[in-house]
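Chemist: If you want the building blocks of each chain, they are given just below.
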Amino acid sequence: MGKKASTFTNMTLTLFVITVVAGISLGYINQVTEGPIAQAKLQRTTNALNDVLPEFNNSPIDDMWKLKTEVVKDSIEIYPGMIDGERIGSAIVASSEKGYNGLIKIMVGFKPDGSIINIRVLEQKETPGLGTKIKNEKFISQYRDKNPATFNLKVKKDKGEVDAITGATITTRAYSEAVQLAYDILMENKTQEKTNE
Amino acid sequence: MEYILIIIAAVFVNNIVLSQFLGICPFLGVSNKLSTSVGMSGAVLFVMTIATLVTYLLYQFVLTPMGMEYLRTITFILVIASLVQMVEIILKKVSPALYQALGVFLPLITTNCAVLGVAILALGLEDASLLKAVVFAIANAIGFALAIVVFSSIREKLELADLPEGMKGVPINLLVAGLLSLAFLGFAGLV
Amino acid sequence: MSEKIDQKQNFLKGIIKDNPVFVMLLGMCPVLGVTSTAFNGLGMGMATLFVLLMSNIVVSIIKSQVPAKVRIPAFIIIIASFVTIVEMVLEAFIPFLYEQLGIFIPLIVVNCLILGRAEAFASKNNLLSSIIDALGMGIGFTIALVALGASRELLGSGSLFDFRFVSEDASTLILFILPPGAFIALAYLSIIFNKVTAKMT
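Going down the list, the sequences are from chains C, S and E.
Each step along the first sequence adds one to the number in the working numbering, with nothing skipped, and position 78 is 78.
Each step along the second sequence adds one to the number in the working numbering, with nothing skipped, and position 112 is 112.
Each step along the third sequence adds one to the number in the working numbering, with nothing skipped, and position 198 is 198.
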């Protein structure tokens, strides 16, 4: 087989050519996929918004604003849902770091009166099969249509009204804490709009 | 305090081998003797720390400013491969004794996914800083060492055990690894 | 005629005699790390198959142009490029799978299976044989991943490819979708594999 000799020029040249070809083709593919990647990320937020808000005709993503709090490291995002300029609900992204394996990030949709429409888990690292039941319909349904003003978001063990998932009390606590945080933020910023941030 | 948490988390709670499944190849491959697994751990500690240091700096100060984050994988693996070569050459010159101990393991490390894995994971740490990335790398190397040393000690004893025919070799090793991993699961929720 | 038989053997060896997972124990990190469901196993298997196939093709084509001393770095650059391509394409078009597989996508680079085939096979054989070798090995790897993923998903969550056999809050053997379950399930699968193949030959 006609292998090239391992001279210095040959070796440098070969590696150089391979690297250049690899670099150029990766650059090209990066350009091609850049758009779809950004789109896919946006799509995730849009899907979550559609799940937790009633029908809206504004663009909550463009109207979104962020808040810094001392409670959690991540900034909190508020997405207003509107129909013809009238606020019909708000989706709030809040998180808690007290999950069994750390961060739990959720999106909570509220009606203008503060009652919960729906909740979606955005990020979590909980134990598969136990803590991950926070995504199950049966668990979420106990929060739906409840107003945290009258519904105590603590788990029953802590004298609240939430049924903890069997074997995952810590997860449930963190989840409820994030919901509470989202509610508190909503109440503090009830009248605010993006413009008078 | 923060650094202590990182260390405990990396060594026990999210042990790189037993709960993250990185570095399984050397874990199963060179763990038949306690002495070889100690040598491998030393080599991993060495390379993992330097590799994470270099790749972190490279990512923060070269790739990110140039908007070429997508070249991460290719750059990191080249850095690791050439680092391993360099470490080999330098060790040979500077400390022949250390080279004697670690030499045979160094070439194997290029394809040890724990090294590349930790370099990538270090980028995703919260409030990442260079010091934090290095501490993270050292902690993971210790976690690797702990897992492989315990595992090889068990395997040395197991060689004398009387096993059913089908269990011999790979299956019993995997089962032992499974039980070890189960033990480490007990640390979950600690941090 | 002899060429044809040779290729059939060449293809089948990756699936049975030299199965990368059960016999050669190559690329064990993704095998254990991503197989908590059958779908993840399939996704990882296909991604690896693609990289393996492409790198075998390229290595086989350029083998006579690469000086022997730099062949390993050259192979690594080629493999890393294809891995990056897979990474970007998955993120763009199958974001769900991209998130599930996480760090194990870039780690395909250090899957010893791929570098091993490039070095041991593609750098010594012609294009056709290299393609068939890659297909055999890749499919053997995928079968192992899907088998492991399916058994873990079935025992651990009571479902298969997300199709549930039991209700959402039934008690299942959660152990099998946790890390220890990966080792234990693979241990028993390899016993079964050894028994079956021992009978066949």
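For the record, the hints were derived by calculation from the structure and aren't laboratory data.
Because the structure is a prediction, the values reported are computed rather than measured.
Don't take each hint at face value.
Unchecked claim - Covered stretches of chain S, going by a simulated chain E footprint (3 or more residues, C-beta under 8 angstroms):
#1 10-22
#2 105-114
#3 146-153
#4 159-172
Just so you know, even glycine gets a beta-carbon here, dropped at the ideal spot from N, CA and C.
Chemist: Determine for every hint whether it applies to the structure shown.
Modeler: Checked hints:
Beta-carbon proximity to chain E at under 8 angstroms applies to 5 residues in the region 10-22 of chain S; the threshold of 3 is reached and the given coverage holds. Check on the region 105-114 of chain S: 4 of its residues sit with their Cβ under 8 angstroms from a Cβ of chain E, so the three-residue criterion for coverage holds. With 0 residues having a beta carbon nearer than 8 angstroms to a beta carbon of chain E, the region 146-153 of chain S misses the requirement of three or more and the stated coverage is violated. Only residues whose beta carbon comes within less than 8 angstroms of a beta carbon in chain E count, and the region 159-172 of chain S has 5; three or more means the coverage holds.
Consistency with the previously given hints fails for number 3 only.
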